[in-house]
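**Q** Top to bottom, those sequences are chains G and V. Per the numbering used here, residue 1079 is the first one in the first sequence, and the count goes up by one each step. Per the numbering used here, residue 15 is the first one in the second sequence, and the count goes up by one each step.
Be aware that a few hints might be false.
Said to hold, decoys possible - Covered stretches of chain G (chain V as the covering partner; in silico rule of three or more C-beta atoms under 8 angstroms from a C-beta of chain V):
hint : region
1    : 1167-1175
2    : 1204-1211
3    : 1224-1237
Stated by the list, open to error - Label pairs and their in silico Cβ distance ranges:
hint : chain 1 : residue 1 : chain 2 : residue 2 : range
4    : V       : Thr72     : G       : Asp1242   : 23 to 31 angstroms
5    : G       : Ala1269   : V       : Gly44     : 20 to 28 angstroms
6    : G       : Thr1117   : V       : Leu287    : 17 to 25 angstroms
Said to hold, decoys possible - A few chain G residues that face chain V, going by a derived Cβ cut-off under 7 angstroms, partial list only:
hint : residue
7    : Pro1088
8    : Leu1094
9    : Val1099
10   : Tyr1100
11   : Leu1158
12   : Leu1179
13   : Ala1273
14   : Gly1287
15   : Ile1310
16   : Val1312
17   : Gly1326
Because the hints were derived from the structure by calculation, they are not lab data. The structure presented is a predicted model; accordingly, all values stated were derived computationally and were not measured. Idealized CB from N, CA, C, for every residue including glycine.
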Amino acid sequence: MSSRSTSVIPGFGLTLGYTLVYLSLLVLIPLGALFLKTTELSWAQFIAIVSAPRVLAALKLSFGTAFAAAVLNGVIGTLLAWVLVRYRFPGRKIIEAMIDLPFALPTAVAGIALTALYAPNGPIGQLATDLGFKIAYSPLGITLALTFVTLPFVVRTLQPVLADIPREVEEAAACLGARPLQVVRHVLLPALLPAWLTGFALAFARGVGEYGSVIFIAGNMPMKTEILPLLIMVKLDQYDYAGATAIGVLMLTVSFILLLAINLLQRRIAHG
Amino acid sequence: MTTASLPVSADARATTTRRGKQTARRLLIGAAWLTFALFLLLPLLIVLGEAFKQGVGTFFTAILEPDALAALKLTLLAVGISVPLNLVFGVAAAWCVSKYEFRGKSLLVTLIDLPFSVSPVIAGLIYVLLFGAQGYFGEWLSDRDIQIVFAVPGIILATLFVTVPFVARELIPLMQEQGSTEEEAARLLGASGWQMFWHITLPNIKWGLIYGVVLCTARAMGEFGAVSVVSGHIRGLTNTLPLHVEILYNEYNHVAAFSVASLLLALALVILLLKQWSESRIARLKTGAQP
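Put together the whole structure using the sequences plus the hints.
**A** Here it is, written out as structure tokens:
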């Protein structure tokens, strides 16, 4: 039926053709070049590049800080989404509108702002120094920068789902004698978890690739605070195109596997 | 009858949970405010604080300096080219995805979203591999004296890449929700394809389109990683505003860096306002559509 009713509307060939050509020229062929370039390396060369200690350290740092930031966002994102959906209070509209600031603000601006805030001579950095630890120029600073740029993901994926859960369901559970924590565990958690995982995955993927906001606050010390995207930049500056490409392929592959795993986990939860 | 018949203990428990709920409410709202202040407000305030540290004069010197103005011009050029192109692409992609059934549709949707999961640095890298001096088309281009990488075309390509999904992403769910009954009616009443598009489809998707364009503009204006790879950082020629901020910052010219940054911050706030406005219009359309 659908094929008959849609045949009235013109433009299928035109729009599909345009979409495919545009995507191919701008995205698919250039990404293909990345993989084509790695075929110039032998398997042994590829392994040698990606298993160099400096690359492995950056890999661990990039994925570790992105994971930590996504977890932190999972907590504060849930808090913000809950409060914004469930409560009416003074200033709610301001918070609601400002949640998207990290998406609107250029990442370089976020980077220098957070560095000014968390550097040892900045207002929060000074406080941390007095307490004996350092935020900027350490993995903690990188995590906080990633938390900032990915803040909207969890909030924005949870909000519509949370708004759709009828309050009656929670109230019914409470009337039937469920304690607040039981309501959370048996009513809210199962309903929210798939959306939460989506937000988590989006934040994580963005965090792994993020560059602009991190390089200012990271300190960029090889083996210590050097993220993978920066390492690609370093290789490019040395005209080591094969090395940069190999790291790029490594990054895409690991991200893809992790996102696939999250996707599978999500499906398993959704089906019971 | 309902409350009166409840046993006393249950009644008392209801009162304590209500009181507990009030406390929880206050605590959670307080925590949300604290998070907001710490994570969003403070970074914003520090940009302004640093920019105006030495008064309004130095602020204006920094943003009116020729290199800053050249960077602003290049940023506007990149936005001016990439946003309209991705707007047309977004409408075409959403059109074929939402109006027709065909094989491989979900693969196509995944491909449209692909640039979101690619690191911006890799987005820059792929164009260097294609068009750089040692790239696949490098020799061909240099024979013809065409420069793409480390020049303006490279910056535009990189900006285009990272902003491909924005408009399509907003329009696809909106157009799927709206269905195509109105368009079919227009066709049956004798409207041509373009008439149908201009008079039926476009008014229906207008606010979603604006929303997508706003998000696309924000990203195009602020893109850093991808543009940084292909720019070559030539002052006055291939520097966008975010790259200009980086150069000033690395030269320890902090006041100037934060001045240019606060200009970008002001643009970001305008974008947030526009976003809020188009969002409320979409919400109004949705509630208006449901009787």
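**Q** The structure should be examined with respect to each hint, and the outcome stated for every one.
**A** Taking the hints in turn, this is what the structure says about them:
no.: 1; hint: 1167-1175; in the structure: holds (count 4)
no.: 2; hint: 1204-1211; in the structure: violated (count 0)
no.: 3; hint: 1224-1237; in the structure: holds (count 3)
no.: 4; hint: V:Thr72 / G:Asp1242: 23 to 31 angstroms; in the structure: violated (51 angstroms)
no.: 5; hint: G:Ala1269 / V:Gly44: 20 to 28 angstroms; in the structure: holds (25 angstroms)
no.: 6; hint: G:Thr1117 / V:Leu287: 17 to 25 angstroms; in the structure: violated (49 angstroms)
no.: 7; hint: Pro1088; in the structure: holds (4 angstroms)
no.: 8; hint: Leu1094; in the structure: holds (4 angstroms)
no.: 9; hint: Val1099; in the structure: violated (10 angstroms)
no.: 10; hint: Tyr1100; in the structure: holds (5 angstroms)
no.: 11; hint: Leu1158; in the structure: holds (6 angstroms)
no.: 12; hint: Leu1179; in the structure: holds (5 angstroms)
no.: 13; hint: Ala1273; in the structure: violated (15 angstroms)
no.: 14; hint: Gly1287; in the structure: holds (3 angstroms)
no.: 15; hint: Ile1310; in the structure: holds (5 angstroms)
no.: 16; hint: Val1312; in the structure: violated (11 angstroms)
no.: 17; hint: Gly1326; in the structure: holds (5 angstroms)
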